[in-house]
Amino acid sequence: MANFQVNKTFQEINEKIRQGKAVVVTAEEMVGIVRKKGTVKAAREVDVVTTGTFSPMCSSGAFLNIGHTRPGIKAARVWLNGVPTYAGLAAVDCYLGATEPREDDPLNKIYPGEFLYGGGHVLHDLVAGKSVLLRAEAYGTHCYPKKSVEKRITLKKIPYAQLCNPRNAYQNYNCAVNLTDKTVFTYMGTLKPRMGNANYCTSGQLSPLFNDPLYKTIGMGTRIFLGGGPGYVIGPGTQHNPDVERTDRGMPRSSAGTLMVSGNLKLMSPRWVVGVSILGYGCSLAVGLGVPIPVLNEEMAMYTGTGDDEIFTQVIDYGAEYPTGETHSLKEVSYAELKSGSIEIDGKKVKTAPLSSYVRAREIAEILKEWIEKGDFQLGQPQELLPS
Amino acid sequence: MYKRMLVLRFPPEITDKPIIYYLSQEYNLCFNILKATILPGEEGIMVLELSGHQKNVKAGLKYLRSKGVKVKSVAQEIRRNDEVCLMCGACTGICPTNALYVEQDSRQVIFNPEDCKGCELCVAVCPVRAMEIRFSKEKVLI
Chain A
-15 MANFQVNKTF
-5 QEINEKIRQG
5 KAVVVTAEEM
15 VGIVRKKGTV
25 KAAREVDVVT
35 TGTFSPMCSS
45 GAFLNIGHTR
55 PGIKAARVWL
65 NGVPTYAGLA
75 AVDCYLGATE
85 PREDDPLNKI
95 YPGEFLYGGG
105 HVLHDLVAGK
115 SVLLRAEAYG
125 THCYPKKSVE
135 KRITLKKIPY
145 AQLCNPRNAY
155 QNYNCAVNLT
165 DKTVFTYMGT
175 LKPRMGNANY
185 CTSGQLSPLF
195 NDPLYKTIGM
205 GTRIFLGGGP
215 GYVIGPGTQH
225 NPDVERTDRG
235 MPRSSAGTLM
245 VSGNLKLMSP
255 RWVVGVSILG
265 YGCSLAVGLG
275 VPIPVLNEEM
285 AMYTGTGDDE
295 IFTQVIDYGA
305 EYPTGETHSL
315 KEVSYAELKS
325 GSIEIDGKKV
335 KTAPLSSYVR
345 AREIAEILKE
355 WIEKGDFQLG
365 QPQELLPS
Chain B
3 MYKRMLVLRF
13 PPEITDKPII
23 YYLSQEYNLC
33 FNILKATILP
43 GEEGIMVLEL
53 SGHQKNVKAG
63 LKYLRSKGVK
73 VKSVAQEIRR
83 NDEVCLMCGA
93 CTGICPTNAL
103 YVEQDSRQVI
113 FNPEDCKGCE
123 LCVAVCPVRA
133 MEIRFSKEKV
143 LI
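Note that the protein sequences, when read in sequence, are chains A and B.
Its first residue numbered -15, the first sequence is counted upward by one per residue in our numbering.
Its first residue numbered 3, the second sequence is counted upward by one per residue in our numbering.
These are computed hints drawn from the structure, not numbers from a lab.
Computed from a prediction, not measured in an experiment: that's the story for all the values here.
A hint or two may mislead.
Once the Cα atoms are required to be at most 16 Å apart in a straight line, the calculated EDC-like pairs of lysine to aspartate or glutamate come out as [unchecked claim]:
| id | chain 1 | residue 1 | chain 2 | residue 2 |
| --- | --- | --- | --- | --- |
| 1 | B | K119 | B | D84 |
| 2 | A | K176 | B | E105 |
| 3 | A | K333 | A | E347 |
| 4 | A | K140 | A | E121 |
| 5 | A | K200 | A | E121 |
| 6 | A | K323 | B | E105 |
| 7 | A | K200 | A | E368 |
| 8 | A | K323 | B | E51 |
| 9 | A | K315 | A | E328 |
| 10 | A | K335 | B | E105 |
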């Protein structure tokens, strides 16, 4: 156990929050504070650093209980606005996945497909208070005789809706280019031939897991901003992989940790749960997510004070190489370089474009800061940290 | 669905021939005639919106030209629906004229219509379809 000059506990910080005395800053502000005052002084002064990210996160969805009908139905197949859900659960439970396209979507038959409506869009419509057409089919049982139902539902009317996203807030992600001679349509956006653009997707210094790169404060039970309401980290996300190359500040040089998160959909806002259509790839959901990081000691101050110039990722060819499943890095670049508008690869100046909204990430960090300053939002001490 | 707004000019010697009919019959295109008139010099002018598969639209235009019709595009206007835009920046990578760009300090995604050439690449690339095509119909109908 390292010896720190500053030692704070979750309980002490929460007490300060209750009293309205906690000092809360955003991760963006923390970079300047640490650079000016050093980690020890920053750790003494700042109690909580808020983070934020807002971008498409495909591994998202919600458990819905659609309510019992009269007579009852053991819904075996359920569609919402024509989007199939997974209904292999109890009688009227289902899981609506963000990337599920509407059943009659032409997909990529007319290439590149537009994927105008899918699970993410249904989630947005529900959160926006719109009514959604529910259709269910069943084989009929003695206790649940009804074989089909069609009705309109709203989020308010259904008994239960819990957003439960198996993999969100990826800690770092590839920067994508296309080395081939043809435009390609990928989950990293439209990539023009011969490195016409380089797309990246993170809020960088504002991103939750870049502010606690070795998962020293985040785990099951961490309270978060999720979709505009309160939510929780419920464990490591799928593909959580802590064992990657890191800088001496612990920052992963490629994609690493992920979060599984959950929150009550009924408390969320349509501004932060938005269905998206990725040309030629599919439907998804843009999720607003922010994690408050307690500055327990100077080490946490160092992590939260790390800026975009000290966080790196790898440039990968999504034209020919990525589809094969075997990739190599064309170059390592910092997020400060990516945010400058262009990077240089093999002597060529390549225009960069973000897929993650930095403006909205900043807004999330500010909202979370306000919640904590008002004393409305206490930090959740994790019952178990993420695997590191 | 690919859409083009066009101004067609028919030289006097073909104004009495059925031409538009074949766009639907042979090229599977949908057309909406917004204006059609024959000028005193017997030249015909038509403003129409043509929609269908992009390939068919192109073939249809080729057919029109082969019949001696002069085809001109109507200026299209690209607009951003700011209510819908997420300010992500996905559009900035493909915009050929930098009419869409990320402002350095604020990180806001800016759309400068004056630099826009109306290529429409951003329309389908935008994950929330915030970029909209508006035909300046008023201008052509005068």
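These are the hints, each one checked on the structure:
1. This hinted pair does not check out: K119(B) and D84(B) have alpha carbons roughly 20 Å apart, beyond 16 Å.
2. For the given pair, K176(A) sits about 22 Å from E105(B) by alpha-carbon distance, which is inconsistent with the 16 Å threshold.
3. About 31 Å separates the Cα atoms of K333(A) and E347(A), which puts this hinted pair outside 16 Å; it is violated.
4. Distance check on the hinted pair: K140(A) and E121(A) sit about 23 Å apart at the alpha-carbon level, beyond 16 Å; violated.
5. This hinted pair does not check out: K200(A) and E121(A) have alpha carbons roughly 47 Å apart, beyond 16 Å.
6. Restraint check for K323(A) and E105(B): the C-alpha separation of about 10 Å stays at or below 16 Å, so the hint holds.
7. Annotation: proposed proximity of K200(A) to E368(A) holds, straight-line Cα distance about 10 Å (limit 16 Å).
8. In summary, the hint linking K323(A) to E51(B) is not supported, as the alpha carbons are separated by about 41 Å, beyond the 16 Å threshold.
9. Pair hint K315(A) plus E328(A) holds up; C-alpha atoms about 9 Å apart against a cutoff of 16 Å.
10. The hinted pair formed by K335(A) and E105(B) meets the criterion: a straight-line CA distance of about 14 Å does not exceed 16 Å.
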